Amino acid sequence: MRAPIRRAAAALAIAAGGALPLGGCAGPQSAFAPAGPAAAHIATLWWAMLAAATVVCIVVVAATVYALLRRRGAAPPDAASPAARDERADERGTRAILLAGAVVPALILTALYVATLVVLRVTAPGAAPADLVVEVEGRQYWWAVRYPGRDGASPVVTANELHIPVGRRVEVRLRAADVIHSFWVPRLHGKTDLIPGRVNVTWLQADSAGVYRGQCAEFCGVQHARMAFTVVALPEARFAAWLAGQRAPAPAPASPAAREGLAVFLARCASCHAIRGTPARGRLGPDLTHLASRRTLAAGTLSNTRGHLAGWIANPQVIKRGALMPRVPLTPRELRALLAYLEGLR
Amino acid sequence: MNRRALWAGAAEGLSRERREAFARAWASPGGAFGLVRTINNIPIARRYMVAGFLFFLAGGVLALLMRLQLGTPENTFLDAETYDQIFTMHGTTMMFLFVIPFIEAVANYLLPLLLGTRDMPFPRLTALSFWTYVFGGLFLYASFLWGLAPDGGWFSYVPLNNRQYAPSLNMDFWDIGLSVAEVAAMGAAAELIVAILRMRAPGMRLDRIPLFAWAMLVTAVMIIFGFTPLIVGTAMLELDRKGLTAFFVPEAGGEPLLWQHLFWVFGHPEVYIMFVPAVGIVSQVVQVFSRRPIVSYTLMVLAIVATGFLSFGLWAHHMFTTGLSMVAMSFFTAASLVITIPNGIQMFGWIATLWTGRPVLRTPLLFVLGFIVIFLLGGVSGVMVGAVPFDSQAHDSYFVVAHFHYVLIGGVVFPLFAGLYYWLPKVTGRMLSERLGRWNFWTMFVFFHVAFFPMHVTGLLGMPRRVYTYPAGLGWDALNLVSTIGAFGFATGVALFVANVLWSLKRGAEAGDDPWGGDTLEWAETSPPADAQFEFIPVVRGRHPLWEQASLTARGSDWEALLAPLQAGPTTWRGALVVDVVEARPRAVVHVPGPTAAPFVMAVGFLLVFAAALLEHALLLAAGAVVTLVALGRWFWPQPSESRALREVEQATDGRSLPLATAGPMANGFWGTVVFLLVLTTALACVVSSYFYLSDGPAGWPPPGSGRTGVALPALAAALLVAAAAITWWLRRALHRAAAGAVRLAVVALLAAALGQVAVSVTTWRRWSLEPAHDAYGSAVLGLVGFQWLVEAVLATMLVIALLWAWRRPRDPRGHAVAHNAALVSYFAATSGLVVLGVLHLSPYVW
Chain A
1 MRAPIRRAAA ALAIAAGGAL PLGGCAGPQS AFAPAGPAAA HIATLWWAML AAATVVCIVV
61 VAATVYALLR RRGAAPPDAA SPAARDERAD ERGTRAILLA GAVVPALILT ALYVATLVVL
121 RVTAPGAAPA DLVVEVEGRQ YWWAVRYPGR DGASPVVTAN ELHIPVGRRV EVRLRAADVI
181 HSFWVPRLHG KTDLIPGRVN VTWLQADSAG VYRGQCAEFC GVQHARMAFT VVALPEARFA
241 AWLAGQRAPA PAPASPAARE GLAVFLARCA SCHAIRGTPA RGRLGPDLTH LASRRTLAAG
301 TLSNTRGHLA GWIANPQVIK RGALMPRVPL TPRELRALLA YLEGLR
Chain B
347 MNRRALWAGA AEGLSRERRE AFARAWASPG GAFGLVRTIN NIPIARRYMV AGFLFFLAGG
407 VLALLMRLQL GTPENTFLDA ETYDQIFTMH GTTMMFLFVI PFIEAVANYL LPLLLGTRDM
467 PFPRLTALSF WTYVFGGLFL YASFLWGLAP DGGWFSYVPL NNRQYAPSLN MDFWDIGLSV
527 AEVAAMGAAA ELIVAILRMR APGMRLDRIP LFAWAMLVTA VMIIFGFTPL IVGTAMLELD
587 RKGLTAFFVP EAGGEPLLWQ HLFWVFGHPE VYIMFVPAVG IVSQVVQVFS RRPIVSYTLM
647 VLAIVATGFL SFGLWAHHMF TTGLSMVAMS FFTAASLVIT IPNGIQMFGW IATLWTGRPV
707 LRTPLLFVLG FIVIFLLGGV SGVMVGAVPF DSQAHDSYFV VAHFHYVLIG GVVFPLFAGL
767 YYWLPKVTGR MLSERLGRWN FWTMFVFFHV AFFPMHVTGL LGMPRRVYTY PAGLGWDALN
827 LVSTIGAFGF ATGVALFVAN VLWSLKRGAE AGDDPWGGDT LEWAETSPPA DAQFEFIPVV
887 RGRHPLWEQA SLTARGSDWE ALLAPLQAGP TTWRGALVVD VVEARPRAVV HVPGPTAAPF
947 VMAVGFLLVF AAALLEHALL LAAGAVVTLV ALGRWFWPQP SESRALREVE QATDGRSLPL
1007 ATAGPMANGF WGTVVFLLVL TTALACVVSS YFYLSDGPAG WPPPGSGRTG VALPALAAAL
1067 LVAAAAITWW LRRALHRAAA GAVRLAVVAL LAAALGQVAV SVTTWRRWSL EPAHDAYGSA
1127 VLGLVGFQWL VEAVLATMLV IALLWAWRRP RDPRGHAVAH NAALVSYFAA TSGLVVLGVL
1187 HLSPYVW
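Order-wise, the sequence lines are chains A and B. Take the first sequence: its position 322, counted from the start at 1, is 322 in the numbering used here, and no numbers get skipped. Every position in the second sequence, counted from 1, becomes a number in the numbering used here once 346 is added.
Each hint should be verified, as a subset may be incorrect.
Some, not all, of what chain B presents toward chain A, calculated at C-beta under 8 Å [unchecked claim]:
(1) PRO505
(2) TYR511
(3) LEU515
(4) THR667
(5) THR668
(6) LEU670
(7) PHE694
(8) PRO735
(9) VAL927
Simulated restraints on C-beta separations [as the list claims (entries may be wrong)]:
(10) B:GLY888 <-> A:VAL65: 30 to 36 Å
(11) B:ALA910 <-> A:ALA89: 47 to 53 Å
(12) B:GLY376 <-> A:VAL65: 50 to 56 Å
(13) B:ARG784 <-> A:LEU99: 49 to 55 Å
(14) A:ARG336 <-> B:GLY589: 29 to 35 Å
(15) B:LEU414 <-> A:ARG327: 28 to 34 Å
(16) A:ARG327 <-> B:GLY589: 28 to 34 Å
(17) B:ALA674 <-> A:VAL122: 17 to 23 Å
Hints in this document: simulated from the structure, not taken from any laboratory. Predicted, not measured: the structure shown is a model, and the values here were computed from it. Every residue gets a Cβ at the ideal spot worked out from N, C-alpha and C, and that includes glycine.
Same shape as in the complex, but just chain B (with noise of 0.2 Å):
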């Protein structure tokens, strides 16, 4: 379909001067900071590709090595130590530092391109993800350099990492450097979440949304949901480490299986996390080279979303081996089989798809047929472990290397090939060379086959993994050899690639908007993409924008006046337009944050800490808080381009054209404050059944003489949880009424509740008198306590930033955003803190 065509008349009535100052409001900065302070998604998510890439092949250069050690038996290329970092690093680079943040970056950058909008609700949380995660994994690299590279395996099993049996820092990093890396995977989640549901182009309706963002937006739920647990997990595991509990140490009560459960809570479910994205890649690509939509677009919604579900229902059959109950064993069972149902749902929806349409056999379709093969291969073979009997022998053996290896490689790796050769035109304005394609097609294909097919005989040959090495004569020698050889042989596959994507930025043929008559919005916008997207708000009428509608323009719609001042527009801020969640009818116009450093420094703050963490280091502990703090308070500074945005559209308030929207629930930010609530009620599930987790130890629970404090001090602590939530509820009104005394007398008040909440906290924790570091149950105590205190710092600080806006403007609705949102987390906080107590005090009397 023709550009102009599509846009015909768009710029009709719209002043030259208007559409350049439109686009100079989106510009990306220049200069010597420029590079810091660019938060557009566009030019943030490109470089979140490129890193996200380079550390796929650094991934890729560990397994090379580890394949050469293993090509022969008694080899002694790498040692033992050196084996056990880089198998531990493979796993992480590509789990944690590949997949999810490259995945991540290729939403940033195609979302609002698909959903026809200009940018991501939260561009310096974007921002931040990415310098977040590029420091994270240099900091996990780092440490390489001084040969403390993590080499506990990507799973950590306690107690091999609690502090007895790996008292070095290599772990150290691992948990610190992992965290950070999965902050910036939240953060970005959260994004994804807030853009599909709530920045769409009008009239894309939730039945009407490309499958790409159906499939990113039921993965951001599971990270929301699936990384939470690990983050707790690891945060348990670096308090064992440094000596401060006992969670998972079985001298004190501890257990072992605990750190099981919270990491394959989130492990399995990071399966699919890896795997959902590819199927919306597949769906696309399926749908444009079959040249007709997709055969029913309902069951593969149903599809995506039944994954996303059940997914969390199967972790214990990574457990299959530790002893658990028969019953157990069953139902993880028919759980990771049942999965299997959705997934053939998919394949057949694709098969359908190609069946009935007219198939064009280019690179991107060349890819989704391997994936095909390879992901259907690595699904039969993990319905076989999923059958716990099978699974005995398959467990840990190389059986298991080579099933997810068809199910990442052939389920995430080709898919997201496929989506480079079919949308890097749109990234870089040039065609890759399609004769190339087919050789880095071909190569890969047949070499992934040679590497990792042996490898399934190899396993039940007896082979076991994660051994340096191996003995001769077990019948493992010649199928080892083999593996190293199509290890190679695919590595050259990846290098034909990188060699296809130089060739073509230097020679590749013009692009041009839409060279493959793609039908979703992207393709209407030029390539690459210009930093102000979308000048014109296009107008969806179906699901396939490009194929069904002649023009995109909001011209005869019904909402063609109230669009108008969006149309090039607004010129002096980044507006961008905000929809209700299922119809799509334009809602309000949001203020978009424009250039700042302040999520670089806030980075820059964080990599400080974790390294004060890693390191126990006070004075670098303190400037990282500083720095920190500088950006967060820049963070919320008012940006000149937001008064202007409030000025402006007050100006305009005739009642016919959008609000401004600013606090409340036609704000992004309430939503974004939503999700974060989300991650916090995971979390406090995740201490809560720790705690009874543990209860269940052979130690008495509580130990004779703790836990039992009376009934004044809990009840105390309830009522000013209580009355704090209360207050706060209360300052939030005074703000909006704009009544400074209340906001005063609410202000004291809150500083009485909360020194009275330190001051009850304090008080119990005394008279318990735990010791977390030598007893399962203190730990648990601490778990519970420290999370309740984690959120009230949160709160506390969103508190100081809202009053703090409170007392210079008063009447400024910004203000009152943040007082909305801290109200919400005091809701929260005031739940959670009842839990809390409940767990502590009620529960040993319960059971």
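Just chain A, same shape as in the assembly (with noise of 0.2 Å):
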């Protein structure tokens, strides 16, 4: 109970004191806190148009209570009919609404204008040649992440994670296997939508190493608001690791509990998903072959724990209703022995 009066009395004090509390600009998703030089672009456009912006309304609002007070009551509102047109102030009143209506904004519109092509044109994705391209799938409700192998190289397939050098200029291309979804990571870029039938682009730069949050911004359905996902920006030796480790297919079940574990996923999970060194080929689910090296389960809904695995598996449609992944009825002792397996899968 006293919580919820707690942050009520925050949230007032917030709103009485009117300007947004600076502090709290920095969040995990925050547009307002750019980690790569493309979304520091944007926020350097949106700060500029927000001065504009702040100028423009005190003028006008300062304008209108001015006219107001002026000769404000100066007639009852039952007054006999105005005295006939005062035609001066109608030459005049003309030229005012002219210049403040439409010079003045013109002025300021076409200097945005200018502006916003600069700002475009260098966080357009094909403003540079890029380092690395990143293969992502919207699907509903989780992204599967592929990296195309280089030189021969098997390609690496995970989900909902995307590592990235610092650094590097990423190109990330976005495809939709069923609805239309939307890319956004707010602290490394805008987003780009992923429709199907279509390859869109979008390309994604971190200047330090940490993990930034994103989200799907386009409704694909009743868990839409569950389809997260984390961008890990990793020095470029750490990244070069990361990306080996997953080219790896899986470890072998290496005690007795999780050789019986692989055993059941083969046996009740492997038609929808895939590990690789395995015979599981499932393609309609996530592909879990590192599954216990990711951060999430469920596109960020659960963080990476026993318990949370053991919930998810146990009843999917109790944490995200609406998930495609069903409820397979397990007996206590294969839940255990799977998530036995599982939790080896680094």
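Both chains come to you apart, so use the hints to assemble them.
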């Protein structure tokens, strides 16, 4: 009971304070806190527009208030018909309208247009050659991520996590498997839609190592709210190591329980999920080859812990109702075995 | 201005019996069936407003439910499915069931009063629009009863709302219910156009009509051009959903983005369709409460017209994230910025008027000031999202939610409230409480900002729209809670308004005819206005008749003698004056239809047809068709008052009095048909554009093996189209000359041409052996051919009616009206048929 009250009090304090608390601008998904060149350019454009907009609003509101107070109440509301038209006032007024309503806005808008085109150019995907290509496919309600293999190397397939090297320009090719989604990592760049039948391209570049949250921004169905992902920016060497680790097939089960778990997986899960290095080849759900190395489960819905994983497998529909993963009835023993196996998929 | 003085001497020489008979002719019917037979604009518009306001409250309740859910992170008050239904219905309700119908209701009520005429040109159409709208709205809301409320967003993007991903009936309710409401809106729009152009007080030249009328004229034209693409789009979507076509199915070569284009070609003008009337309302209020005419009438009119034009050039700024080309993005950014200029002119037009006037700060003006502040902020954030790179962050985030609520609540709801505080005394005859009004205003104004200002920040902190919940710890929690508190505060403000209205109905002070010292003609009528408005025809000599004229009567004007029969007359039928468009000189008298249940019955028929489409129920469909046809027959059956009008005016023909307009360019029906043809032209443009848009797809176009039929069949089809139009032309002339033999010959020839067309069409279709359900080419062809057949069906219905008239009463000029209008449609049918043939048979060789 007390927490909501405290929260309400804090909220009211913010509202009373009026201005937005600048300290609150940094969030894991905040466009105010750019962490890469594209988002930084856009943020600069935003602050410039905000400054101009503030001036415009203050001037117009001041003019309105002054206009109102200048001769307020000079006439009672039921006064007889107003005096004959004041032609001089009309003429001057018309000139003022044209100046303030057309000429000044035209100047401001021209400046804004130029700025927009400049930022548009530098933030466009084709502005510079990319250092790395990643393919992302949007699906109800998760993200398939694929690093095409270079020079005959096998591709790396994962889900709901992009790893990128710091300071490198990464081209992201976007496809949709079912409906329209939108790929948005506010701290790195604006959003780009994933549209069935097309390939759209965007790019990401992070200035420093870190974890940046992203989320689907186009309404894509009942669990649109739980279709998040993370972008992990790593220093070059660690990125290379990560990629190599992901390229390897899944480790063989190490304990008897895990071996039993693999059998359960092949019998009950493999029609939807793939694990490289085993016969599991399902394509409907995420590739689980290195599941245990991921930060989250169910597209950013849960942190990747044993308890969460158990709950998710036991009944996904309680956690993310409408997700396409069905509830697969398992005995407690089967579930334990499965967990033992999946936890070993580092 | 004293009403008595304005009308002094008008009743001189008119007997009491005549004046009573006049009032009787216009009285709304009482009795058990009076409710459904009433068609006078005042009672219908009053009901229309009440219904619209109730939908506003319903949409508001949905908004509160959403805000409750979003007040705290990971809230479980609503589940995802329910939340999706609620946000879809909130948007749909506010757009289609509140703003547009409510504005049209206000216009239906006020325009005849503002323009100085006795009713709308097509009162039966008004009634039909009202009933259709009510049934359409209830149809949509009925979906909640089955838990099947639309849940795919008010924008209904595909493929999410294709059959594959949304197989249940939810979005069929949306598609069909929306179509009903759209048809109602377009009917009302057609009526507004004809009313404003043709039915005004003599002397109210085009450069003298009130700014609200200008705004509604532009709005109505925008509705005609803007709603048509949506109707075409929803029809395609529904065909897709029934599994008959594949316009939007990517696997079959369809294009999801085609839907977005069709939707936003409607959707962006829609914003201005809602905003332009507000410009009109605000202009009226600002003038009266500044106690001076607007500073530049010409600039205001130009700005309104410019807004209307420009609004059709910037739809794609809703699609900046879909991967448009750089050129397209640069163009649509420029267009989005340019539209700021007419808005700037309007804004400073009002400020200049206040500046040079003597402002009186009453509640209506208070709401106008609230509008100026809120809309200013919404306009500024609108310029921001017009800049593509910034839009890529703001799009589909709460920043955009904040932006368009600033535009819509600031730019539409506040002006509407200003208008209500200004005009409700005219409607109810009683004043609203000024004190409660101020509380009402300040509550709404302050809590509006509490609710929506934080959303700008929430959005840029990364919160997307249309999420039923969000995790804690992203910096969104407190801001969302503030928004929720603000929403409830805002709702309290709306409740204060309702309380004020209820209080005023019981205890409000008598308003009198002119409580505000207004400048326009409605303040010269009683409050509330009588069913028989403008017993005496007002003659207008300036833009602000009540400020500039000591008398409104025709005495001493050039038209005194000409208008004499219309003073408290005619007495046995409803007659109204028609003027020419620019100069507003009296031109003719029109017969205005009297009470009839036909519109109500027809709306019931529509409802049955649409329910049948939803449930795919053949029997229901047949029942609906029968009911609709019965109503149609009753509609076109002569009313006794029409015959009286014909007799009376014929007797009075002496060369010095106004003729009775029945057919041709002087009659309202002719202009109604012209508007209808504009709708059809727009629809044709949509299906043709869709064809070419789809042709750009990856598959071959036309697919190998189809699309080539040789020369003979298309040439024959073209010849038959031209022949049919020529025969209709001839038929119309034969009817005019009452040449019975020629009429019969024409009928036989038409029949032959029609049969020929059916045969050619069917043969071509079979030879093509297309599969519209599995192939975008087949769908596009079906779209073109289906459109043409729809036109032909309308034409056939009109011709049947015309022929029935010709057969029963060959000399009755009322039959000529139908034939005249049918002829117009037949010329269009020939043209559109040739276009369709050209696209289908010639374009594959050109491309």
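Using 8 Å as the Cβ threshold, decide whether B:LEU515 counts as touching chain A.
violated (16 Å)
Are B:GLY888 and A:VAL65 spaced within 30 to 36 Å by their CB atoms?
holds (32 Å)
Can the hint on B:PHE694 be confirmed by a CB-to-CB distance to chain A that is less than 8 Å?
Nearest chain A Cβ about 4 Å off; hint holds.
If you check the beta carbons of B:LEU414 and A:ARG327, does the distance land in 28 to 34 Å?
holds (29 Å)
Classify the hint on B:LEU670 as holds or violated, based on whether any CB of chain A lies nearer than 8 Å to its CB.
violated (10 Å)
Chain A contact restraint on B:THR668 - CB to CB distance below 8 Å
With Cβ-Cβ at 5 Å, under 8 Å, it holds.
That 29 to 35 Å hint for A:ARG336 and B:GLY589 (C-beta), does it hold up?
This hint is violated: roughly 46 Å between Cβ atoms.
Quick check: does the Cβ-Cβ distance between B:ALA674 and A:VAL122 fall within 17 to 23 Å?
Once the Cβ atoms are compared, 19 Å apart, the range 17 to 23 Å for A:VAL122 and B:ALA674 holds.
Holds or violated: 47 to 53 Å for the Cβ distance of B:ALA910 and A:ALA89?
Hint violated: Cβ distance 41 Å, outside 47 to 53 Å.
Between B:ARG784 and A:LEU99, is the Cβ distance one that fits in 49 to 55 Å?
At 34 Å between Cβs, range violated.
Whether the CB-CB distance between B:GLY376 and A:VAL65 falls inside 50 to 56 Å:
Because 52 Å falls inside the window, the suggested range holds.
Does the nearest C-beta of chain A fall within a distance shorter than 8 Å of the C-beta of B:TYR511?
Hint holds; B:TYR511 Cβ to chain A Cβ min 6 Å, cut 8 Å.
Going through the hint list in order, the structure does not satisfy hints 3, 6, 9, 11, 13 and 14.
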